[in-house]
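Starting from the two chains in their separate frames, assemble the complex, guided by the hints.
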Amino acid sequence: MEVGQMQRQWVDYTKSLFLEGFLDGQFLQLQQLQDESNPDFVVEVVYLFFEDSEKLLNDLTRALHSMLFWLATFECFMKVCCFWGFRFLCIFFPPSYRDQPSVDFKKVDAHVHQFKGSSSSIGASRVRNACIAFRNFCEEQNIEGCLGCLQQVKQEYYLVKNKLETLFRLEQQIVAAGGSIPMTELSF
Amino acid sequence: MGMATESQFHVLAVDDSLIDRKLIERLLKTSSYQVTTVDSGSKALEFLGLHEDDQTNPDAPSVCPSNHHQEVEVNLIITDYCMPGMTGYDLLKKIKESSSLRNIPVVIMSSENVPSRISRCLEEGAEEFFLKPVQLADVIRLRPHMMKTKFRDEKQEQQEKQRIPEEKLDKQDKKSELQKLQQDQQRQQLQKHHLEQQLPQQPQLQLQQQQQPPPPPPPPTPTPQQQQANSNKRKTMEEGLSPDRTRPRYSGLATVV
Chain U
12 MEVGQMQRQW VDYTKSLFLE GFLDGQFLQL QQLQDESNPD FVVEVVYLFF EDSEKLLNDL
72 TRALHSMLFW LATFECFMKV CCFWGFRFLC IFFPPSYRDQ PSVDFKKVDA HVHQFKGSSS
132 SIGASRVRNA CIAFRNFCEE QNIEGCLGCL QQVKQEYYLV KNKLETLFRL EQQIVAAGGS
192 IPMTELSF
Chain D
137 MGMATESQFH VLAVDDSLID RKLIERLLKT SSYQVTTVDS GSKALEFLGL HEDDQTNPDA
197 PSVCPSNHHQ EVEVNLIITD YCMPGMTGYD LLKKIKESSS LRNIPVVIMS SENVPSRISR
257 CLEEGAEEFF LKPVQLADVI RLRPHMMKTK FRDEKQEQQE KQRIPEEKLD KQDKKSELQK
317 LQQDQQRQQL QKHHLEQQLP QQPQLQLQQQ QQPPPPPPPP TPTPQQQQAN SNKRKTMEEG
377 LSPDRTRPRY SGLATVV
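Residue numbers (our numbering), protein chains in the order written: chain U, 12 to 199; chain D, 137 to 393.
So that you can see chain D by itself, here it is in the shape it has in the complex (with noise of 0.2 Å):
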């Protein structure tokens, strides 16, 4: 695995200031992805092949990702928010319309931390949100959400042959996706458990609780198999709008703003 499966993954970076697409196309180089960069949300559709026609035409071939009229297959979108002229939301709505693009994941920066922004994006469909500038912590964040739809698209092949109705499809798909995907996290969770009891000093699985994002505000008190249970989306949503999110820049920058 490692190095040979990641560099496959290909990283679309939408960002109207030259400085920031150079950062960014960095930052991605060094976690070693593949990555376009485009200073326009225009640019970034006509990149990935999105015209009009494809927006209007539900018939369009959806699900199977080879079908569409991609000529590059891009596995991740990350956008800045404010753009001139088509804005990140804007983009990120474009692509969730689109049969043949929705379930390219999408990434929205911004450098300002604006509660609601935050939620709109999550909820239209972004699978996270960064505060600006980007940061190796963040990038890391990025690799479960490709490794989800690589899994995804190769369900959808194996479904296809069904003939199941598109959108129903589409739910059905991403339930059971989940749920896979929750099954597998839960196993490899107790697996760490297990490891965990025996060598409780080891240090590969110290590394792997520190990718993890920080746990959610108390209450509830969630063991960590528990927070892996949850979806992947509310895991993100909680963490975006969580207040007491241990980044010092992200506290230095509510405070200051």
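With the rest of the complex left out, here is chain U (with noise of 0.2 Å):
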């Protein structure tokens, strides 16, 4: 392919990232950032978002199923109880559980939280929107809504990498092809 059919389509697919929601202005302000002195500057940025996100929806699942096992398993134990008249039993469950789990959320809250942050920072705007409504869940103590929205998260993580990596090749074949990144095209 030559150079400017490439840049055409580099110019075009990121113009669908931000049309589609994937990205918003942070992005830009990034890409506006990068320069000779600092080439690699947005790809570096993002590689970091790649980590710190897997580590953290890494976090968010244990912590969630760990959650949801303790809370299933303290139900069953409370019908036992309860049905052999042995409530006091209860006593020795964790004191989170017999009350509300309220800690636990508050680490979920912690992580999505930071999610939010780093989400935001490099204007994943659609991952940042899961992450509020995530956050809602926490508040509400909602066990049910978190486990949704941890796969909502996910899955527009999965997206926006995946769109992002592609991205990248585009800039690496143009660069390659001795040509260079049209960001001046880049205008709404």
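Please keep in mind that the hints were generated in silico from the structure rather than gathered at the bench. Mixed in with the good hints there might be a few duds.
[Stated by the list, open to error] Within a straight-line C-alpha distance of at most 30 Å, the following computed DSS-like cross-link-like pairs (lysine-lysine) qualify:
1) K179/D - K118/U
2) K284/D - K117/U
3) K90/U - K165/U
4) K165/D - K172/U
5) K172/U - K158/D
6) K158/D - K229/D
7) K66/U - K158/D
8) K284/D - K174/U
9) K158/D - K165/U
10) K118/U - K229/D
11) K117/U - K165/U
12) K158/D - K26/U
13) K118/U - K165/D
14) K229/D - K284/D
15) K230/D - K117/U
16) K284/D - K118/U
17) K117/U - K229/D
18) K284/D - K66/U
19) K165/D - K174/U
As structure tokens, then:
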């Protein structure tokens, strides 16, 4: 493919990412901060975001599933104990589960807060919006809502990751073919 | 002027997120500031050379910046609000409590638009409150704060010789400094106004106007001169709290959250 064609493709692809709401103005800011003295700035920051996100998604999945496991176990235990008239045995359960596992929701919320921060810093707006919904469910201490949001955040994250990787591949191809990235054509 | 003086400004950026540190570092460097980044409030205090005895010893040589324990001069501290351990607010308080550091302007950044948080930080002595993600337009607003401390430092060195008690001196100094600054600004404004009348279409003037923050919400409808006559601090307060601050991402955040 000739350079001009690839450049056009790059412009169209980037614009589609903005129009479909995957990226917002913050990503343009990142691109503006990239110059000759720092040619890989955007890629560096976005890869930091990937690393950070995958760690956070793992932590979130683990935290929510362990919460779910303990809640289910506790419920089962309660039923058995009540049935046999040994409700007092419930005191052997971790205190946070006897009442409401608010401590764990706070931990989950802290992770989501971090995720929201990093996604808005690179301009991944759909991930950020999913995080906002997620935090509302944390506040309500709604574990089903949280689990649903976790799925959505994951889905949005892998979508935008895929899109960004495609964008970077295109950029590499343009540079390898001796062209430059037509940043100036990105006007809306 | 220009580049030569700008590069002398040294900013200490504090944020627990690596991505945000990268971002703020790049933002500040493109504005040709010298930048040091640290990932926590305690590391920031360590870098500033603040030890426990500094806080408890009121006799420490306080006003003269060349006398305190800090190895590197820092002209401004920009810190995240929400950090594990010491928050940005805690850091701000520690800095304002320290006799040797309290003159360094502090700017707080936060991803959450919580009015009570914003006013708390400004009351505690923060110069500005930025909503994250911080943008180039925000970084431009840092400069006046650094210029202010430069002037103040010079003035303090002169007044040091006169042996005025520390607390009093600080207050007087701030006042007279502010008055001087206001007079200067008024003079500049008047000159500008004068020029404007002569050359209404001059592009440089338009640029200067753009850099100035948007005016506070109507009722009194202050003229530019009056607005300038307000203290800088008040301006930031009004601006930070003003609901109709015309930044799209700000209002966007406010509606989404």
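We went through each hint and held it up to the structure:
1. K179/D - K118/U: This hinted pair holds, its Cα atoms lying about 24 Å apart.
2. K284/D - K117/U: This hinted pair is violated, its Cα atoms lying about 41 Å apart.
3. K90/U - K165/U: Violated - the C-alpha atoms of K165/U and K90/U are around 34 Å apart, more than 30 Å.
4. K165/D - K172/U: This hinted pair holds, its Cα atoms lying about 28 Å apart.
5. K172/U - K158/D: 19 Å, holds
6. K158/D - K229/D: Since the Cα atoms of K158/D and K229/D sit roughly 25 Å apart, the hinted pair holds (cutoff 30 Å).
7. K66/U - K158/D: With Cα atoms ~19 Å apart, K66/U and K158/D stay inside 30 Å; holds.
8. K284/D - K174/U: Roughly 46 Å between the alpha carbons, so the hint for K284/D and K174/U is violated.
9. K158/D - K165/U: Holds - the C-alpha atoms of K165/U and K158/D are around 24 Å apart, at most 30 Å.
10. K118/U - K229/D: Holds - the C-alpha atoms of K229/D and K118/U are around 26 Å apart, at most 30 Å.
11. K117/U - K165/U: Distance ~20 Å between K117/U and K165/U Cα, so the pair holds.
12. K158/D - K26/U: 25 Å, holds
13. K118/U - K165/D: 35 Å, violated
14. K229/D - K284/D: Status holds; Cα separation ~20 Å.
15. K230/D - K117/U: Since the Cα atoms of K230/D and K117/U sit roughly 27 Å apart, the hinted pair holds (cutoff 30 Å).
16. K284/D - K118/U: Measuring from Cα to Cα gives roughly 42 Å; hence the hint is violated.
17. K117/U - K229/D: The hint holds at about 26 Å.
18. K284/D - K66/U: With a Cα-Cα distance of about 43 Å, the restraint between K284/D and K66/U is violated, given a limit of 30 Å.
19. K165/D - K174/U: Distance of about 29 Å is within 30 Å: holds.
The structure fails hints 2, 3, 8, 13, 16, 18 (numbered hints given earlier, in ascending order).
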